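Undergrad: In case you want the letters, here they are:
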Amino acid sequence: MDAMANLNIKSKKENSFDAIVIGSGMSGGWAAKELCEKGLNTLVLERGREVKHVKDYPTTNMMPWELEHRGEILQSVKEENPVVSRCYAYKEDTKHFFVKDTEHPYVQEKPFDWIRGYQTGGKSLLWARQVQRWSDFDFEGPARDGFAVDWPIRYKDLAPWYSHVEKFIGVSGNKDGKPSLPDGEFLPPFELSAGEKYFKEFLKNNYPEREIVVARCAHITGNQDFYAKQGRTLCQNRTLCQRGCPFGGYFSSNSSTLPWAAKTGNLTMHHHAVVHSIIYDDAKGKATGVRVIDAQTKETKEYYADIIFVNASTLNTNLILLNSTSSRFPNGLGNDSGTLGKYVAFHNYRAGISAEYDGLKEYTTEGRRPTSGYFPRFRNLHKQETNFLRGYAAGFSSGRSTYNDHSGIGDELEQSMAKAPEYGPWRMGSHMMGETIPKEESQVSLDPTLKDEWGIPQLKISMDYDANDEAMIKDYLEQMSEMFEAAGFTNIRTRDDKRAPGLDIHEMGGARMGKDPKTSVLNEWNQVHSCPNVYVTDGACMTSTSTQNPSLTYMAFTARAVDHAVKNRG
Amino acid sequence: MMPACDFSEESILQAYQNLNITQSNKVLLSRVTNTIFPGTTLKKAEDLMIQDFVLVMSNDCLSTEQQAGFVKGLKGWDDFSKTTFGKAFSKMDQKEAEEAILKGVAMEGENESEIGHTRQFLNTTKRFALQGYLNSEYFMTEIKPYELVPARFYGSKLIENA
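Protein chains in written order, with my numbering: chain A, 1 to 570; chain B, 1001 to 1162.
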């Protein structure tokens, strides 16, 4: 054997693992934890830089006056990066965790605000931490209402995995007993405010089918000893979550799953590792590894494993699969159906409403709360009752306003600022979270000519609102206005901010699960139908979008898929 | 014989490269921020370096057009107040200065006019001065303390004497 062959064998051995996970975000972190706990030697590939829990949260303990621009993003940065600048969480204290438009261009066939976080933990550092379970009202939606394809699973298949995930990440919530929003493994709930309780009571008496609950969120509010093992402790109500939390009060891959996986000794983590494609071996008839480009040196490397988890985030997972071509899969890995990249959808967050309430004058709120009220979907729940399909959930929150007159100047202004604030009315606010229908024409594809810095085709995105979404916006605003008026709220203002899809940061689908390989990419275990040692368990796997924030469901799918993969190891 | 003061030679403040302003412009701005916060009930604007904050924000967080209006209004403010109110702002006492600002803010005229620029300058200065003051260490520790770690939330807290 010559020296070169020896070297190749050595390199192949050094680069071989039991499992490879592409992406270290919400679902990738879970894949890593579960695989490592089950004893598999696991490689996690993260395309961005390393962000260590606490150590790499540079702004986490900064006071407001320590931020040079008091939180604002520079005008020049906004002008160069209009997409990320539209994200509510992109601020002076969090900007280092977001991808700038200029760094990673993509093609918008139709306007799409693609929000990305390229670092350890991905967007799990930045998420809004809302974790509502799906129910069979969601999983049975496509079959009942005749869109997309039937989900290959039902709530009962996922329920134990929801529990498994909730116990580990820590979920604060109230057991509300609502079939459309199943209860989970809850730590003590945050309180509803007096204004929210008032509206809840109003609904009970006037709209008995509708209810406000406190939104379940991934924050630790109890069972401290259990979470101490992860190095995490109680949420301290700072509501500065997107800076990274020094208490580990909310769940992120950085604070929880990744260090947990590392403790097993089975985790290898590579940063700056941009996945070019998944390697498919025609002779073996399976995927054998991944091709990676070092983001800094541009050097190409290959890593090998029998189990591959794709968790690169919804649209990047689509990109990797589409770019993984071979003689067996000329149109992308597992794309026998021709549906890969198609039937992508998102959540409709365009509309909102605000109002005031003049009652409850003896109450206010104190402290801060990292969640809000939640209005579970009530439209078309038990049967079709409107001219549009599906429905919307809504955020609902209410707080007592306080007021200091800042209109003057001179001593008048100083005196007014020095006074204790006066109490104003309660302010009510809500925003819609609408289910959108995945359609064939809503799709992502590889641009035939444009490439990124690493020679990988740029992603071309094409999706838009449709008549169903417009009808739903109208209904949300009508229904909310009607309820607000009937509840005695005043100064009711509705808005449709016409935002582009994407700002919801809930893009889903493209490699959907289904029963039939002819119309879907993944099976009931999140395996690629025609390449079953590849699992896709991030948002790309979603057959429909429901109205709930999706991360909890991705995590549950991931844990369930790892269990399946390990039980069925060859 | 002493040479005459020649302001055309005065150098541009490098810290605010988008604004093209001089030290005398900054001194004039400080007079405006000190008029807004004269330090009679709370601390004076200059004790909190509010003028620097106004300039940082104007330099970094305004559009080119907004910056142009702000700078034109600032540079013309002394002359404008002299012709409009009969006295240069720099020579006014606190009461006169307050009145000049309040009148300047309320004047009607096209955005792209002397009045428009003056209004933009005064409004921008007031807005950033207030933002800087409310978010200053002094205000957020001594006047209305900010809690970094509240560790509580009560949804229905009874207000005493409500």
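If you're looking for bench data, these hints aren't it; they were derived computationally from the structure.
Quantities reported herein were computed from a predicted structural model and do not represent experimental measurements.
Just so you know, even glycine gets a beta-carbon here, dropped at the ideal spot from N, CA and C.
Incorrect hints may have been included.
To be verified - In the BS3-like style, the derived pairs of lysine-lysine whose C-alpha atoms are separated by at most 30 Å in a straight line are: (1) K95/A <-> K1126/B; (2) K10/A <-> K197/A; (3) K91/A <-> K1043/B; (4) K1126/B <-> K419/A; (5) K419/A <-> K1072/B; (6) K110/A <-> K95/A; (7) K284/A <-> K301/A; (8) K419/A <-> K1044/B; (9) K1103/B <-> K91/A; (10) K91/A <-> K1026/B; (11) K451/A <-> K78/A; (12) K38/A <-> K229/A; (13) K1091/B <-> K91/A; (14) K78/A <-> K1072/B; (15) K1157/B <-> K419/A; (16) K1144/B <-> K419/A; (17) K78/A <-> K1026/B; (18) K197/A <-> K1157/B; (19) K1043/B <-> K361/A; (20) K10/A <-> K38/A; (21) K1043/B <-> K204/A; (22) K78/A <-> K1043/B; (23) K156/A <-> K167/A; (24) K1157/B <-> K361/A; (25) K439/A <-> K419/A.
To be verified - Per label pair, the in silico range of CB-to-CB distance: (26) S1090/B <-> K298/A: 53 to 63 Å; (27) S1063/B <-> G424/A: 48 to 58 Å; (28) V1105/B <-> E482/A: 37 to 47 Å.
Stated by the list, open to error - Residues of chain A clear of chain B, computed beta-carbon distances all greater than 12 Å: (29) S193; (30) E211; (31) D563.
Undergrad: Now tell me, hint by hint, if it's right for this structure.
TA: Going through the hints against the structure:
1. Proximity of K95/A to K1126/B is assessed by CA-CA distance (about 27 Å); at most 30 Å being required, the pair is judged to hold.
2. For the proposed pair K10/A and K197/A, the alpha carbon gap of about 65 Å is over 30 Å, so the pair is violated.
3. For the proposed pair K91/A and K1043/B, the alpha carbon gap of about 29 Å is at most 30 Å, so the pair holds.
4. In summary, the hint linking K1126/B to K419/A is supported, as the alpha carbons are separated by about 20 Å, within the 30 Å threshold.
5. For the given pair, K419/A sits about 36 Å from K1072/B by alpha-carbon distance, which is inconsistent with the 30 Å threshold.
6. Simply put, K110/A and K95/A have alpha-carbon atoms about 26 Å apart, close enough for the 30 Å limit, and the pair holds.
7. A threshold of 30 Å between alpha carbons decides the hint, and for K284/A with K301/A the separation of about 21 Å falls inside it, so the pair holds.
8. Taking the CA atoms of K419/A and K1044/B, the gap is near 17 Å; set against the 30 Å cutoff, the hint holds.
9. The suggested pairing of K1103/B with K91/A is violated, with an alpha-carbon distance near 35 Å, which exceeds 30 Å.
10. For the hint pairing K91/A with K1026/B, the CA-to-CA distance comes to about 28 Å; that is within 30 Å, so the pair holds.
11. Straight-line distance between C-alpha atoms of K451/A and K78/A comes to about 24 Å, which keeps the hinted pair within the 30 Å bound.
12. Pair hint K38/A plus K229/A holds up; C-alpha atoms about 18 Å apart against a cutoff of 30 Å.
13. A hinted pair counts as satisfied when its Cα atoms are at most 30 Å apart, and K1091/B with K91/A does not qualify at roughly 41 Å.
14. Restraint check: the Cα-Cα separation between K78/A and K1072/B comes to about 24 Å, which is no more than 30 Å; the hinted pair holds.
15. Between K1157/B and K419/A the CA atoms are separated by roughly 20 Å; this keeps the pair inside 30 Å, and the hint holds.
16. A distance of roughly 9 Å separates the Cα atoms of K1144/B and K419/A; the hinted pair therefore holds under the 30 Å criterion.
17. About 27 Å separates the Cα atoms of K78/A and K1026/B, which keeps this hinted pair within 30 Å; it holds.
18. For a cut-off of 30 Å, the pair hint linking K197/A to K1157/B stands: about 13 Å separates their Cα positions.
19. A threshold of 30 Å between alpha carbons decides the hint, and for K1043/B with K361/A the separation of about 33 Å lies outside it, so the pair is violated.
20. Between K10/A and K38/A the CA atoms are separated by roughly 26 Å; this keeps the pair inside 30 Å, and the hint holds.
21. Among the hinted pairs, K1043/B with K204/A is inconsistent with the structure: their alpha-carbon atoms are about 51 Å apart, more than 30 Å.
22. At roughly 34 Å between alpha-carbon atoms, K78/A and K1043/B are farther apart than 30 Å, so this suggested pair is violated.
23. At most 30 Å may separate the alpha-carbon atoms for a hinted pair to count; K156/A and K167/A meet this at roughly 18 Å.
24. Under the criterion of a C-alpha separation no larger than 30 Å, the hint pairing K1157/B with K361/A is consistent with the structure, at around 11 Å.
25. Note on K439/A and K419/A: the hinted pairing is violated, with a Cα-Cα distance of about 57 Å set against a maximum of 30 Å.
26. Checking the proposed 53 to 63 Å range against S1090/B and K298/A shows it holds: the Cβ atoms sit about 60 Å from each other.
27. Hint check: S1063/B to G424/A, Cβ distance near 32 Å, so the stated range 48 to 58 Å is violated.
28. Distance hint check for V1105/B and E482/A: the Cβ-Cβ separation is about 41 Å, which falls inside the suggested range of 37 to 47 Å.
29. Distance check on S193/A: its Cβ comes as close as 4 Å (rounded) to a Cβ of chain B, failing to clear the 12 Å threshold; non-interface status is violated.
30. No beta-carbon of chain B comes within 12 Å of the beta-carbon of E211/A; the shortest separation is about 17 Å.
31. Residue-level check passed: D563/A sits 37 Å from the nearest beta carbon of chain B, beyond 12 Å.
In summary, the structure is inconsistent with hints 2, 5, 9, 13, 19, 21, 22, 25, 27, 29 from the numbered list given earlier, while agreeing with the others.
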